[in-house]
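Trainee: Okay, here's what each chain looks like letter by letter:
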Amino acid sequence: MNKIRTVIIDDETPAREILKHYLKDYPEIEIIAECADGFSGLKTISFMKPGLVFLDIQMPRLTGFEMIEVMTEKPVIIFTTAYDQFAIKAFEMNAVDYLLKPFPKERLGNALVKAIDKLGRTKESEIATPGELMEKLPKPSSPISRVVVRKGNAINLITVDQIKYIEAQDDYVMIYHNSGKALKQQSMKYYEENLPPKDFVRIHRTHIVKVSEINRIEPYGKDNHVAILKSGERLPVSRSGYKQLKDELNF
Amino acid sequence: MKHPVLENRVRLTVWGIIWLVIAAGQTISFYYAYGQFLNVSIIDAFVSIILYSGLALSLWFPFNYFSSGKKRIYSVVLNLAATGAITILIWILLSNLLLHQVLAGENDYQAYWDATLPYRIGSGIFIYSLTILSYFLFVSLNNLSEKKSREARLETLVKETELRMLRSQINPHFLFNSLNSISSLTVTNPDKAREMVIKLSDFMRYALARKDEQPVSLRSELENLRLYLDIEKVRFGDRLVIEEQIDPSCLEVKIPGMLLQPLYENAVKHGVYESTEQVKVCTTATVSDGMLSIVICNNFDPEAAPRKGTGTGIMNVSRRLELSYGNKATLTSEKKGNVFTVALYMPA
Chain A
0 MNKIRTVIID
10 DETPAREILK
20 HYLKDYPEIE
30 IIAECADGFS
40 GLKTISFMKP
50 GLVFLDIQMP
60 RLTGFEMIEV
70 MTEKPVIIFT
80 TAYDQFAIKA
90 FEMNAVDYLL
100 KPFPKERLGN
110 ALVKAIDKLG
120 RTKESEIATP
130 GELMEKLPKP
140 SSPISRVVVR
150 KGNAINLITV
160 DQIKYIEAQD
170 DYVMIYHNSG
180 KALKQQSMKY
190 YEENLPPKDF
200 VRIHRTHIVK
210 VSEINRIEPY
220 GKDNHVAILK
230 SGERLPVSRS
240 GYKQLKDELN
250 F
Chain B
0 MKHPVLENRV
10 RLTVWGIIWL
20 VIAAGQTISF
30 YYAYGQFLNV
40 SIIDAFVSII
50 LYSGLALSLW
60 FPFNYFSSGK
70 KRIYSVVLNL
80 AATGAITILI
90 WILLSNLLLH
100 QVLAGENDYQ
110 AYWDATLPYR
120 IGSGIFIYSL
130 TILSYFLFVS
140 LNNLSEKKSR
150 EARLETLVKE
160 TELRMLRSQI
170 NPHFLFNSLN
180 SISSLTVTNP
190 DKAREMVIKL
200 SDFMRYALAR
210 KDEQPVSLRS
220 ELENLRLYLD
230 IEKVRFGDRL
240 VIEEQIDPSC
250 LEVKIPGMLL
260 QPLYENAVKH
270 GVYESTEQVK
280 VCTTATVSDG
290 MLSIVICNNF
300 DPEAAPRKGT
310 GTGIMNVSRR
320 LELSYGNKAT
330 LTSEKKGNVF
340 TVALYMPA
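So the sequence lines, in the order shown, correspond to chains A and B.
Residue 0 is where the first sequence starts when you use numbering that gives the first Met the number 0, and the numbers rise one by one after that.
Residue 0 is where the second sequence starts when you use numbering that gives the first Met the number 0, and the numbers rise one by one after that.
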C-alpha cells in the first residue's frame, strides 16, 4: 500500500511537533512537508500534491479558510484549531474532520481512520472539492476585510477598500479593484451578505458596487437607472437597487 | 410601609408635642368662648384630643391602604372622605361617652357639650385634614428619597458591571493554543512544559482571582504581562521579541489590574499572528509631575491585509481609564510606517 503523502500547515512550532510525534506511530503516513504560513502552504500543496493536509485555521497572511477558497488541488483536509465554535458547527456536517487543540492521540487516530477510508475507498471526484467545502464554510461573524484570489499560480489578497465593484459571471464573480480585476468562484449572495453593508450596495442582480465609487446616477430607459462610476464605467441599476441606493445615500 | 410615627422615637415625641399644643389651643378657645370653669375646659380638651391622637395614629393604616398602589384619584379622595366622616363620628361618640363619665360631677357639663358640639365637628374635620396631609407629605418625601438612593445604587451597580465587563477576558485562542504547546512540550521538552504550566497558572491566577476593582502596582501588572509574553514566546519562538524600559520610580504606582493586557494582546494579535517576520513588542514607562506615562509599541507586517481591526481592545482600555480617572487620563494611538504605538497617561 502506498503511503499517504501528508503536509502539516501550522504557524506554531510546538503544534507541528506534537502532530509529528503522534504521527510517528502511523507508518502509513508519510510527512512530506511542514509549512508555517498560508502562502507557503498553498505553494507546497500545489507543488507536492499531498493526499492529506493538516491545516490550522488562524495563521499569518492567509487563514486556513482562505487557503481552501483558492486551492485547486483536492487533498483530504483535517482542520486543527484551538477554539472556533463556528468551525466546529460547519464541519460537523462535513466529511472533513477537525481536531480541537490540544487533542489526544486517539482523537487523531479516529480522524486518520476517516481520512484513510476516504482516500482508499472513494475516487478523487467524491472527495469534497474546495468549492463544495466553501459552501459549508462558516459565515464570518463580522464583514470581511479582504478577499483572496488566485491569478495563475499567484495568490493575491485584495483588501475591501481596493474593491470598486463586483460583477456576476455565471458561477463566478469578477472583482474589479484598483489595480485590475480578478475572477473568483463564489456567489453574489456571499458578497452581498459579507461585504461591509454601509459601503457596498447591490444595485442590480448582476452588480454590487462600492457607494463611494459612484459619481452620478442617471435615468435609463423607462424606469431603470444607470450608475456612472468615477472611473467611467456605467453599471445598470434595477428598481430595487435604486431604492436601496436611495436609502443608503439619503437622496 | 412602616408606620411613620410609631417606628421613630423623635417623630413620636414631636407628634405628642403637636397634640398637646392642639389640646392647649382647644382649652383656651373653648374656655374663652363658652367658659365656665377652667378645669372643665382643660379636662374636656385633653381627654378628647388624646383620644383623637390615638385615632389619628391608627388612621395611617386606612390611609396607606387607600393611597398606595395605582388607584384613581377620585376613589382615593372618596375613600378618605368616608374614613374622615367615620373617624369624626367615632371621636364625637367616644369623647361624649368618656367625658360624661369623667365630668359626671359637673352640673352644666351637658350644656357645655351641646354648645361646643358644632365646633368639635369643625375642629375634627380640620385635624383630620391636617393628619392626612402630613401622612401624604411624609409618603411623598419618603418616595423621593427612596428613588434618589435607588438611582444612586443603580448607578454604582452599572459602573461596577461595566468595569467588570471591560476588564479584559482571557482570549480562548490564547488559552487553548498554550495548552496545545504544553501538550507538545511534554514530549519534546518536559522541563519546559512544566515551566510553561507554572507560568500559565500564575497568569491565570492573576487574571481570574481578583473579582474586585482593587488597583494593583505597575510592578505586578508588568510581571504578569511578562508571563503572558513568555507564554506567547514559547508558541511563536523567535517571531516574538520583547523589550522593556521601565523607570524604577514608577514600579509602585497603582493602576487598575489587567488594564494593559488588551494592549499587549493586540500587539501580539496584529503583530505576531499576522506576520511571518520577527515582531518586537516594546514597553516604556516613566513618571513625571505626578503623571505616569506608559508607551507600548509593536511593528507589524504592512503587507498583511488588516484582518479585523475592531478596535474594541483600545476602546475598552480607554473607557476603563475614563471610569477610573475621569478626564485626568488619556490614551492615544498611532500607526506610523510599520509601527503601531499606544500611549497612556494617568495620574500616578
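No lab work stands behind these hints: they were computed from the structure.
Treat the hints loosely; a few may be bogus.
What the hints assert, rightly or not - Cβ-Cβ distance ranges computed for the label pairs, FRET-style:
#: 1; chain 1: A; residue 1: 150; chain 2: B; residue 2: 276; range: 20 to 26 Å
#: 2; chain 1: B; residue 1: 219; chain 2: A; residue 2: 109; range: 42 to 48 Å
#: 3; chain 1: A; residue 1: 173; chain 2: B; residue 2: 203; range: 24 to 30 Å
#: 4; chain 1: B; residue 1: 287; chain 2: A; residue 2: 210; range: 54 to 60 Å
#: 5; chain 1: B; residue 1: 276; chain 2: A; residue 2: 178; range: 19 to 25 Å
#: 6; chain 1: B; residue 1: 186; chain 2: A; residue 2: 188; range: 55 to 61 Å
Stated by the list, open to error - With a cut-off of at most 30 Å between alpha-carbon atoms, the simulated BS3-like pairs for lysine-lysine come out as follows:
#: 7; chain 1: B; residue 1: 268; chain 2: A; residue 2: 150
#: 8; chain 1: B; residue 1: 279; chain 2: B; residue 2: 268
#: 9; chain 1: A; residue 1: 183; chain 2: B; residue 2: 268
#: 10; chain 1: A; residue 1: 23; chain 2: B; residue 2: 191
#: 11; chain 1: B; residue 1: 268; chain 2: A; residue 2: 163
#: 12; chain 1: A; residue 1: 104; chain 2: B; residue 2: 191
Being a predicted model, the structure only gives us computed values, none of them experimental.
We treat Cβ as the ideally placed atom computed from N, Cα and C, and that holds for glycine.
Trainee: For each hint, tell me whether it holds in the structure or not.
Mentor: Hint by hint, here is what the structure shows:
no. : hint                        : verdict
1   : 150(A) / 276(B): 20 to 26 Å : holds (24 Å)
2   : 219(B) / 109(A): 42 to 48 Å : holds (44 Å)
3   : 173(A) / 203(B): 24 to 30 Å : violated (50 Å)
4   : 287(B) / 210(A): 54 to 60 Å : violated (48 Å)
5   : 276(B) / 178(A): 19 to 25 Å : holds (24 Å)
6   : 186(B) / 188(A): 55 to 61 Å : violated (46 Å)
7   : 268(B) / 150(A)             : holds (29 Å)
8   : 279(B) / 268(B)             : holds (12 Å)
9   : 183(A) / 268(B)             : holds (29 Å)
10  : 23(A) / 191(B)              : holds (22 Å)
11  : 268(B) / 163(A)             : holds (29 Å)
12  : 104(A) / 191(B)             : holds (21 Å)
Figure legend: structure checked against the earlier numbered hints; hints not met, in rising order: 3, 4 and 6.
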